[in-house]
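S.K.: Given next are the chains, with one letter for each unit.
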Amino acid sequence: MENLVMETTERSVMERAEQPPAPPLHAEAPMACTFQVKNLSIWYGEKRAIDDVTLDIASNGVTAIIGPSGCGKSTFIRALNRMHELVPKTRVEGQVLLQGEDLYSNTVDPAIVRRRVGMVFQKSNPFPTMTIGENVIVGLRLNGVRNQRFLDERLEKSLRMAALWDEVKDDLRKPGTSLSGGQQQRLCIARALAVEPEVILMDEPCSALDPIATAKIEELIYELKTKYTIVTVTHNMQQAGRISDYTAFFYLGRLIEFGPTTKIFTNPSEKQTEDYITGRFG
Amino acid sequence: MVTPKHILGTFDEALAALRNNVLMMAGLTERSLERAMKGLVNRDDNICATAIADDEEIDQLEKQIDKDGVDILLRFQPVASDLRRVVAAMKLSSNLERMADMATTIARRARKLNRHPSLAEVDLIRPMYDHAMSMFKDSVDAFAREDVDLARAVVPRDQKLDDLNRMAGHKLVDRMAQDPHQLRGYLNLIFVGRCLERVGDHATNIAEDAVYAAAAEDIRHQTAAVSV
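Protein sequence lines correspond, in order, to chains A and B.
Read the first sequence against the numbering used here and you will find it ends at 543, with the numbers running on by one and no gaps.
Read the second sequence against the numbering used here and you will find it ends at 297, with the numbers running on by one and no gaps.
For the record, the hints were derived by calculation from the structure and aren't laboratory data.
Predicted model, so just to flag it, every value in this text is computed and none were measured.
Glycine included, every Cβ here is placed at the ideal spot set by N, Cα and C.
Wrong hints could be hidden among the right ones.
For lysine to aspartate or glutamate, the following EDC-like pairs were computed, each having C-alpha atoms within a straight-line distance of at most 16 Å [what the hints assert, rightly or not]:
id : chain 1 : residue 1 : chain 2 : residue 2
1  : B       : Lys240    : B       : Asp192
2  : A       : Lys430    : A       : Asp413
3  : A       : Lys299    : A       : Glu395
4  : B       : Lys74     : A       : Asp536
5  : B       : Lys229    : B       : Asp199
6  : A       : Lys524    : B       : Asp199
7  : A       : Lys350    : A       : Glu307
8  : A       : Lys308    : A       : Asp363
9  : A       : Lys524    : B       : Asp287
So the derived label-pair ranges between C-beta atoms look like this [what the hints assert, rightly or not]:
id : chain 1 : residue 1 : chain 2 : residue 2 : range
10 : B       : Glu286    : A       : Leu403    : 51 to 57 Å
11 : A       : Ser530    : B       : Lys136    : 31 to 37 Å
12 : A       : Asn321    : B       : Ile76     : 33 to 39 Å
13 : B       : Asp135    : A       : Lys308    : 47 to 53 Å
14 : B       : Glu286    : A       : Thr487    : 30 to 36 Å
15 : A       : Ala293    : B       : His290    : 29 to 35 Å
16 : A       : Ser441    : B       : Glu286    : 43 to 49 Å
17 : B       : His290    : A       : Asp431    : 56 to 62 Å
18 : A       : Glu346    : B       : Lys132    : 57 to 63 Å
19 : A       : Ile473    : B       : Met93     : 40 to 46 Å
20 : A       : Pro521    : B       : Ala246    : 48 to 54 Å
21 : B       : Arg235    : A       : Pro521    : 41 to 47 Å
Generate coordinates for the entire structure from the input sequences, incorporating the hints supplied.
M.R.: Below, the structure is given as structure tokens:
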């Protein structure tokens, strides 16, 4: 019986590997948008961290979330895969539609959401007791995949997509923590890619990296956006300008302005945006 | 509305220095054009020589503004209105340098004219000069005060300058046929007229850059774009 469950899960994962992302479940959701966020508000206890945010996130593009510390950037990005629920006393109002499907519906399993919407954090966090190879395929193993050939193929594919294969292909059995900081971050990206998500969320993915490692991650983001929808939080205005197609500026939990990055960084519509990006805030 | 200062005080200082150098360059260019015209009308070689000598200082300021602009781009990576102001300042300095070159050319032509008997047709140049200088001053004012309406109003005024230049050119060519002994003199006046027409073109460029700096709108080549 256990084997049957595993084989079924494995087959569904393998089938998903062959299939393009699922189409929207609701007709009103435009194909060009992966996420539709509608009147989203989030509280941590009494504190309102996100205040009535409505925003559509384009498919196969990079959306940068900018704003001063404490403005709700990380809460917002975490709300896109329900990661913020790990914080106690969290309350959500509004809707987050992923391909038209409400992520906060009672029937939706948060674990499935997190498989469809992967996340890379500020500080690289490979599992310290696992090898490089194990780190990449751990998500698949947790989903019950046991087919070694499939796992090997996915391991190589994920590492290649994360532009790390050539650097680690002979060291797959070494600990993930033996890699440099930049390599560890790309390992985490490979780990996120291995379960074939539709979206990758990145919370300041380069803030702890040197300029060379940062450039590699930025190059990687540029290549990945042809296949994935990417939402990234960054404090680096120049990085937001380089890598993103759209930029959202948050302040005090509210979305102040959202638009094409070139517009935001040459002629923002809102004075608060202008003051923030030009360094006049405060 | 008062624009708040940057958190980085050195950024404000660098932007202010860049702007001050542009305004200083504009002032020197204006003075150089005035001297060149004075040398032409008063037949004064000394003033012409001063106008020609002015060019060196203006050239140095152009280099300084370019250097300061690049330094700001490198050190502060400006965006939005700051970026537009830096880009506009660098483009302005290029236009001002070309205007100063026009002043030098006018002064040189004036010195050549001064070697021969005076020509009454110098009077044809005066309205062109007045119009070109009015456009120039308004375009620089518009940049300095970020006055988008004033900047927009400068652009169509270039047509009148073109018309004045064309009419003056026709009259001078006619005079060449009537009085071939003064052919070189009339030719020099045609070149002076062309220089002033170019001053109007550069004033138009400055006005367009002023609109871009203040309103992030590119109003260049709009007539051509419509006709395509």
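S.K.: If a hint holds in the structure, say so; if it doesn't, say that too.
M.R.: Results of checking the hints against the structure:
1. With a C-alpha separation of about 12 Å, the suggested pair B:Lys240 and B:Asp192 falls inside the 16 Å cut-off, and the hint holds.
2. The hinted pair formed by A:Lys430 and A:Asp413 meets the criterion: a straight-line CA distance of about 11 Å does not exceed 16 Å.
3. Straight-line distance between C-alpha atoms of A:Lys299 and A:Glu395 comes to about 38 Å, which puts the hinted pair past the 16 Å bound.
4. At most 16 Å may separate the alpha-carbon atoms for a hinted pair to count; B:Lys74 and A:Asp536 meet this at roughly 9 Å.
5. Among the hinted pairs, B:Lys229 with B:Asp199 is consistent with the structure: their alpha-carbon atoms are about 12 Å apart, no more than 16 Å.
6. This hinted pair does not check out: A:Lys524 and B:Asp199 have alpha carbons roughly 40 Å apart, beyond 16 Å.
7. The hinted pair formed by A:Lys350 and A:Glu307 meets the criterion: a straight-line CA distance of about 9 Å does not exceed 16 Å.
8. For the proposed pair A:Lys308 and A:Asp363, the alpha carbon gap of about 24 Å is over 16 Å, so the pair is violated.
9. With a CA separation close to 13 Å, the supplied pair A:Lys524 and B:Asp287 stays within the 16 Å bound.
10. Between B:Glu286 and A:Leu403 the C-beta distance comes to about 54 Å, which sits within the given range of 51 to 57 Å.
11. As the Cβ distance of A:Ser530 to B:Lys136 is approximately 33 Å, the hint placing it in 31 to 37 Å holds.
12. The given range of 33 to 39 Å is respected by A:Asn321 and B:Ile76, whose C-beta atoms sit roughly 36 Å from each other.
13. One distance hint, 47 to 53 Å for the beta-carbon pair B:Asp135 and A:Lys308, holds here, with the actual separation near 50 Å.
14. The hint said 30 to 36 Å for the Cβ distance between B:Glu286 and A:Thr487, and at roughly 33 Å that hint holds.
15. Range check, A:Ala293 to B:His290: about 32 Å between beta-carbon atoms, so the 29 to 35 Å window is met.
16. Our hint of 43 to 49 Å for A:Ser441 and B:Glu286 holds, since their Cβ atoms are close to 46 Å apart.
17. A hinted range of 56 to 62 Å holds for the C-beta pair B:His290 and A:Asp431, which are about 57 Å apart.
18. For A:Glu346 and B:Lys132, the hinted distance range of 57 to 63 Å is satisfied, since their beta carbons lie about 59 Å from each other.
19. In this structure the hint that A:Ile473 and B:Met93 lie 40 to 46 Å apart at CB holds, the actual value being about 42 Å.
20. A hinted range of 48 to 54 Å is violated for the C-beta pair A:Pro521 and B:Ala246, which are about 60 Å apart.
21. Between B:Arg235 and A:Pro521 the beta carbon distance is about 44 Å. The supplied range of 41 to 47 Å therefore holds.
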